[in-house]
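*Asks:* Protein chains in written order, with full-length UniProt numbering: chain U, 1 to 488; chain D, 1 to 488; chain B, 1 to 488; chain R, 1 to 488.
Among the clues, some could well be false.
For chains that are exact copies, the list does not tell them apart, and a pair is met inside one copy or across any two.
Here are the simulated BS3-like pairs of lysine-lysine, each with C-alpha atoms no more than 25 Å apart in a straight line [what the hints assert, rightly or not]:
| # | residue 1 | residue 2 |
| --- | --- | --- |
| 1 | 410 | 323 |
| 2 | 116 | 274 |
| 3 | 121 | 69 |
| 4 | 274 | 42 |
| 5 | 42 | 121 |
| 6 | 199 | 255 |
| 7 | 199 | 169 |
| 8 | 42 | 3 |
| 9 | 69 | 169 |
| 10 | 42 | 378 |
| 11 | 42 | 120 |
| 12 | 255 | 323 |
| 13 | 222 | 345 |
| 14 | 323 | 451 |
None of these hints come from the bench; they were simulated from the model.
What follows is each chain in one-letter form.
4 protein chains.
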Amino acid sequence: MAKVFDAAEVAKHNSADSCWVILYGNVYDVTDFLSSHPGGSKVILQLAGQDATEEFDPIHPSGTLDELKPEAKLGTVDPKTLAAKKPEVPVQKDDDAPAPLETLLNLDEIEAEATKRMPKKGWAYYYSASDDMITKSFNTTVYRDILLRPRVFVDCTQCDLSTTLLGHKVGLPIYISPAAMARLAHPDGELGIARAAAKFGALQLVSNNSSMTPEEIAAEAKPGQMFGWQLYVQNRRERSEEMLRRIHKMRDRYKTIVLTLDAAVPGKREIDEKSNFDKGLVVEPGVKGGTEKRPGGGGVGQQLFFGTASDLTWQTTLPWLAKNTDLPIVLKGVHTYEDAYLAAKYAPQVKAIILSNHGGRALDTASPPVHVLLEIRKYCPEVFDKIEVWVDGGIKRGTDVVKALCLGAKAVGIGRAALFGLGAGGEAGVERTLEILEAETATCMRLLGAKNIQELGPRFINTRRVERDIFDGDAELDRQGLWTKPKL
Amino acid sequence: MAKVFDAAEVAKHNSADSCWVILYGNVYDVTDFLSSHPGGSKVILQLAGQDATEEFDPIHPSGTLDELKPEAKLGTVDPKTLAAKKPEVPVQKDDDAPAPLETLLNLDEIEAEATKRMPKKGWAYYYSASDDMITKSFNTTVYRDILLRPRVFVDCTQCDLSTTLLGHKVGLPIYISPAAMARLAHPDGELGIARAAAKFGALQLVSNNSSMTPEEIAAEAKPGQMFGWQLYVQNRRERSEEMLRRIHKMRDRYKTIVLTLDAAVPGKREIDEKSNFDKGLVVEPGVKGGTEKRPGGGGVGQQLFFGTASDLTWQTTLPWLAKNTDLPIVLKGVHTYEDAYLAAKYAPQVKAIILSNHGGRALDTASPPVHVLLEIRKYCPEVFDKIEVWVDGGIKRGTDVVKALCLGAKAVGIGRAALFGLGAGGEAGVERTLEILEAETATCMRLLGAKNIQELGPRFINTRRVERDIFDGDAELDRQGLWTKPKL
Amino acid sequence: MAKVFDAAEVAKHNSADSCWVILYGNVYDVTDFLSSHPGGSKVILQLAGQDATEEFDPIHPSGTLDELKPEAKLGTVDPKTLAAKKPEVPVQKDDDAPAPLETLLNLDEIEAEATKRMPKKGWAYYYSASDDMITKSFNTTVYRDILLRPRVFVDCTQCDLSTTLLGHKVGLPIYISPAAMARLAHPDGELGIARAAAKFGALQLVSNNSSMTPEEIAAEAKPGQMFGWQLYVQNRRERSEEMLRRIHKMRDRYKTIVLTLDAAVPGKREIDEKSNFDKGLVVEPGVKGGTEKRPGGGGVGQQLFFGTASDLTWQTTLPWLAKNTDLPIVLKGVHTYEDAYLAAKYAPQVKAIILSNHGGRALDTASPPVHVLLEIRKYCPEVFDKIEVWVDGGIKRGTDVVKALCLGAKAVGIGRAALFGLGAGGEAGVERTLEILEAETATCMRLLGAKNIQELGPRFINTRRVERDIFDGDAELDRQGLWTKPKL
Amino acid sequence: MAKVFDAAEVAKHNSADSCWVILYGNVYDVTDFLSSHPGGSKVILQLAGQDATEEFDPIHPSGTLDELKPEAKLGTVDPKTLAAKKPEVPVQKDDDAPAPLETLLNLDEIEAEATKRMPKKGWAYYYSASDDMITKSFNTTVYRDILLRPRVFVDCTQCDLSTTLLGHKVGLPIYISPAAMARLAHPDGELGIARAAAKFGALQLVSNNSSMTPEEIAAEAKPGQMFGWQLYVQNRRERSEEMLRRIHKMRDRYKTIVLTLDAAVPGKREIDEKSNFDKGLVVEPGVKGGTEKRPGGGGVGQQLFFGTASDLTWQTTLPWLAKNTDLPIVLKGVHTYEDAYLAAKYAPQVKAIILSNHGGRALDTASPPVHVLLEIRKYCPEVFDKIEVWVDGGIKRGTDVVKALCLGAKAVGIGRAALFGLGAGGEAGVERTLEILEAETATCMRLLGAKNIQELGPRFINTRRVERDIFDGDAELDRQGLWTKPKL
């Protein structure tokens, strides 16, 4: 006759060392079975020592218990000793308390968490974009308009996300875009980003307007960890030259100079400007005349632009830069196939371009980088052979990363996402952000049937809805005798 | 002189056996007229024994009463005996009470009812889809973008919905897709679905992850009732082989093996994962490194995938399966014309394919099956001659069913709809779901001027809005020398 | 010295016979000026006898008063006698009170008013459409997608809206569509519609399911007033034949028989069906089997369809009808260019077709009539020469009327709009509806630079956004050898 | 040892003459540094005399203070004397109080402010547009559908917005459209607009229905300030002739006559009409018959149209006008390439056309001016060489201005925007409106890499999404033998 257990006795066996459960009034020792449970051991351990019938029943066909060895059935439970099961009560959530990072499942949720935790001024600076923020939004929605075409019957057990950038091996095709003033989000600042990036082998581009020095940011670099330094050329060129000399002293970590081109003047970021009014700061009346008038309130963005040169040209700036650095040059802020074509003519001095509209922060209604990728494919695909093409702007999902790579991008950058990760939880928040993107990217590739980055290509995507919107003005320009191929 | 009746006397004649009504102060015996009333007998019987003037007057032209035989007019009613008519009061509805199934008029209403009645965890598992659920939604909206082109002056008094699948006769071109864990919705489980399907002669595909055994589900099968069994190949192949042997013992009912290909790894179903957090379950912190990390909370979906093989290939898996079963093979989860083309090369071993994106639960932004139908029509229409093409995903209306058939599908599957039917009312809820779809499908065909399934074809639909969005990358791939026709 | 008036004295001159106003402290007699005021006399009369300075000042440049004759200035007002002006207070509106019809400015406002005033059951019957009401909505929005192209420098002082239908002169290119059960909206019923139509010389098509007899409806017809009678062929053909004989007796008014083809079976009008549940009527459980099952609740629409034949064909029904009537035949419910082409082959027996999807009440996602107009223009424009093409469905604005006419329609029908006019105010409400449409149509034509209906044509419209969506399946059908030109 | 300061002592140095700040407990004299601060002096002065650590820290890397000269560090602050910093409190806003104009950052915000401040009647008159206001809205959204294509590596330090109109130099390619009744917005009226326009050298077109006389409006004109006068031809031509004679006397300022063509009859502006009902004015019942019926309430717009001629033609009106004026003629209200083509045939008598749909106030669903620009480019680009093409309608952003210019427009007009500027703050509000548009236009051009108006062209924009919607009916018209090129 079966032994009868007291529920309190069963309750003691509530660990991986000794795991008992009650099912349909019987007591089972499932300790040995834990590792072979098709649903994983965790779900069993959550119910260890308890009556699991209610959870077990609706998701297991009859006969499932036959898979246990006969000796696993220890006996029955004394029903009188079983307390009534508590009804399922949703956990009370304290909306003001920080959410555990592992409960934030995607980049939107991380941004929402950061929005709650960050100072308003920093949030406004990161969140803002130009004018009506149409380009900021379009950067993301254009990825949604690209459809994926998964191939089946492909062994995708393994999936390798590593790649190379400028000849250096990186763990992810995702890098950190240069974004200013990380300590507005969290005291960990740019160093927190660097520590998180180290765990994924991800490249970090350091902003010219960082809130920490490039030395501080790279101080704890892991072997092989790769950084780049972003250059806003200053009106006082000697300041830029001095900075380049500082960077050169860290050439074991800083592997490239990223020259930013897409922000010759500051865009009109109204949310950023508004955040000053809310603080009650004195506002200068808009004054007409002269070049100093600033008809907005002047947010963080406008302040950071003071002193930045707006007179850069292919003919003058590149030679100056080549004279002052021997690091590979990346040109950031290319918006058109014409400029991509021109940049490729400067290879190998120019090693890569970044298709970017500055996260929608420069010129509103500017094309998204996906358009430029498609333009290059259509008008001058040879660019992909001559230089690396990176893109940033609007990345929210691993599927977005994969789509950009399928179109020919060598890597994609995240700017706001890293800052919001920082805002949500400092270094750990950035790590969570990269962890999510890495997992989503790998899931996407495996479901597509792609084992590594090199296999990605246009056959995996359907871009019809985007293609019909890209620039097609050559016929028109030809008619007017204004244009055929871009010229230097 | 006309006889004068007391209203109480009239009230006794309130049935089909003796049906009197008061109109304009006169009393009529309409018992004999019931069967010839152009509006049906029901509306009269609802007013039997009462003063029906208010209901009768606005919808009948004068002279209508002349259609009654003279002797039907029995006399007049004594106005003093008529109680004042009660004003029209909307019936008080108890929103928590189960709605009578016959008041649920469409699949959305059934889903709404099921959402109220089902446990949260089960609802989250069924409702969830990957990432932003774009593909789940697109599966449905793409049908709305296809317009119908009804032909008139066609005798559509009769309309036959029966067809054949894999050579077997079925009552409907609608089948039940394999969906896991039906008892999460209702104790009737997969058997309840089977009983309902029997009434319509509909095929049921049984999930590898059913909450009842395949034997239990098919236990009460009617003669000719058809089942199929879905196979998720297990890492431990011997488990799958054992299951095949069990299925073969029921080959009078299980007529096919459906090999699922579109879920090599689990999609990211955030609502499913969230439902665990809400229950207060312990959450493992996302751990970096190794293949075991799970940066989400792990919902029902992730648990079910444990042990499922991700190394299936055309070259290895099909021969293995052919060695272990002689039942016709259906490949589920084809997303591209390339794979449809490849599958057709394996005919007659492969008898059918199911165009499916797993209800939007695998890869978000994957194309809807309607796109793949159009791709096949454009690039390799011979596939339709070699194998049967079934589709699932997003079916909400009979018009959706008809559109898929017009594009060449042999049958369409419903997954969530059957489960929500179960959640709304167990077996009877599934029956109601099929009853609605059957009626809507027949109405659509009759209004189109199609008498049977075989007559359906592309002339009844306008797909312009969808066609311009389907994959058109061959030119691009050609240019790069990467692709022409799919190869094995 | 100027005479000084007491304000009370001025106040007496408050009519067109003697109209004084106070401006800037002066008193003017503007009686003679009323007729030459550029802004019309009404606005002055509203201020007659009062101080009009506040209203006058912001909209008149200085010097305006110089246009008055010197003797118009009578003197000054004694400021002490002027009461303080009351601040502008919005008139309190009683939302339950009927709105004066002249304050309802468009068809949407009339529908909103009718919705408030009508019994729920009638509203549900009129408002409802099939399934998700996509076609009902699309009928209207497709007009919004057509752009107008006004030509300037055209003398459009005169604008003539009259035209001919089947050779008879009508005052408007707008007719009343056959719609059942007008007395559900208002006791004036179909006769109220007839009286209103008479004022505009508009054709009225009388429904087979009218709530008044055709004799009653046409009883007060004005000389030249035109009616048509809609025929739903009954299963018992002799009933239809009898009705035709009744109509023939009124051939001085009933000039055509409109054979309805697009409702061989009733569509699924869920709102109509729901309105029964709300009344607490007993609902039959959906019963499986047989042709009598009705898985919905059976609204007014389903009741009206009892007895209607669903076996009409070109080969059998047209000859039968020709034998039973010598009135011109109009075929209502053509949805495709193929059927338009076939109908034209039956000219001159068939004199006109009505492109209609039954107001979205038959088959949901059926194409809107605008598509069929464009199909005919593309595939068989000769149809326009052989028969008249009328359209109905979705007309809300005079611009919609004009667009349909520019595409080749001879007239457009309004169904719900007339019924909602009736619901909003009986006969006067229908008159208001027609008055609005007539004025909007004339304004549109004059702004386009078209003096009469005959001048309207495709050069006045831009249909690019619609054209790319119309059926283009001939290539596809050709490929399959199924179709070239429609055949009898 | 460092000197220790009392916080009160530091607080005295709070101006540009002597500016001290406390950072990390140290006291610095930054007076000399103010002018070289990369973020501008304003942000420092806002914190002068205070502890700025909290603001300084998160946006400055360590080492930043090393840029100060050593002697700038004066000592330390006595921590006991530092008051606790007040938490950041958002300024309480009084929503009813006028917003400082410099806090209004864009035209939408100015309109919102004007809506709060203006009388309802004036707002309704300005805001209203015809029917469903589809064209009004489309005028703006069509600009959002045009993408910008910024070129990088272009020196855009200087950017010149000046251009010429009809041979006269203006400071901006933005002019004030003729809009009636400015004093409905603000007592400054049209003169306020003139004063603001003077500051930018902007052309002002004065409405025929101004609330001030043309003499008053131009009374304070600056040297070179340019006006134009809008002519609505009156039925009584002698009135128009008299006005022309008055304008000719101010030919040093009024440089053109703008003949308005697009409002031959008033559009149906329902919001304008409704505003009369709200005031409780008596409403005439809609009366049938005659040309005097007005089935609406008659808003300001309808009153202003009384007496305006609707019989203008190329053949009669242009010669009459040429006889009565020798000023250059601008034709306002061209909606089609056909009329643009015809107008160009009248060069040089006609010097310019204005593509306009009257701000959506004439014919609803008329094409936006951007369509007409694209039509001209496609069908008759020679028009741009023969006459100037101006556009108005929907301009909200500097990017809109630039897009119109890239498409070939010589200037863009703002109508409602100027009036709402007036409503928001009188003359200063109009100045703020122009200041915003000027700054946005310049920012856009500099970010595009365009130094002046002449460089703008189609290579800077992507119009694919708009191009596919423009009129393409020539093929259709050809088929019918109705049209090839527009004829006189």
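*Asks:* When Cα atoms must be at most 25 Å apart, do residue 255 and residue 323 count as within-copy, between-copy, both, or neither?
*Replies:* Within one copy, since 17 Å is at most 25 Å while 56 Å is not.
*Asks:* How do residue 42 and residue 378 come out at 25 Å by Cα distance, when the copy is not named: within, between, both, or neither?
*Replies:* This pair counts as neither: shortest intra-copy Cα distance 51 Å, inter-copy 48 Å.
*Asks:* For residue 199 and residue 255, with the copy left unspecified, which applies at a CA distance of at most 25 Å: within, between, both, or neither?
*Replies:* within (19 Å within a copy, 51 Å between copies)
*Asks:* 25 Å Cα cut-off: does residue 42 pair with residue 121 within a copy, between copies, both or neither?
*Replies:* between (42 Å within a copy, 17 Å between copies)
*Asks:* At most 25 Å between C-alpha atoms: does residue 42 with residue 3 qualify within a copy, between copies, both, or neither?
*Replies:* Intra 28 Å, inter 64 Å, cutoff 25 Å: neither.
*Asks:* Indicate which option fits the pair residue 410, residue 323 if close means a Cα-Cα distance not exceeding 25 Å: within, between, both or neither.
*Replies:* Classified as neither: same-chain Cα gap 27 Å, cross-chain 44 Å, threshold 25 Å.
*Asks:* Between copies, within a copy, both or neither: which fits residue 323 and residue 451 at Cα up to 25 Å?
*Replies:* neither (42 Å within a copy, 28 Å between copies)
*Asks:* Give the relationship of residue 222 and residue 345 under a CA distance limit of 25 Å: within one copy only, between copies only, both, or neither.
*Replies:* neither (35 Å within a copy, 52 Å between copies)
*Asks:* When no copy is named, should residue 42 and residue 120 be tagged within, between, both, or neither for a Cα gap of at most 25 Å?
*Replies:* Answer is between; shortest inter-copy Cα gap is 20 Å, intra-copy 40 Å.
*Asks:* As a check of your reading, is residue 116 near residue 274 (CA-CA no more than 25 Å) within one copy, between copies, both or neither?
*Replies:* both (18 Å within a copy, 20 Å between copies)
*Asks:* Using 25 Å as the alpha carbon limit, work out where residue 69 and residue 169 are close: within a copy, between copies, both or neither.
*Replies:* neither (50 Å within a copy, 43 Å between copies)
*Asks:* Between residue 199 and residue 169, at a C-alpha cutoff of 25 Å, which is it: within one copy, between copies, both, or neither?
*Replies:* Within one copy only: 14 Å inside, 59 Å across.
The structure is inconsistent with the numbered hints 1, 3, 8, 9, 10, 13, 14, although it conforms to all the rest.
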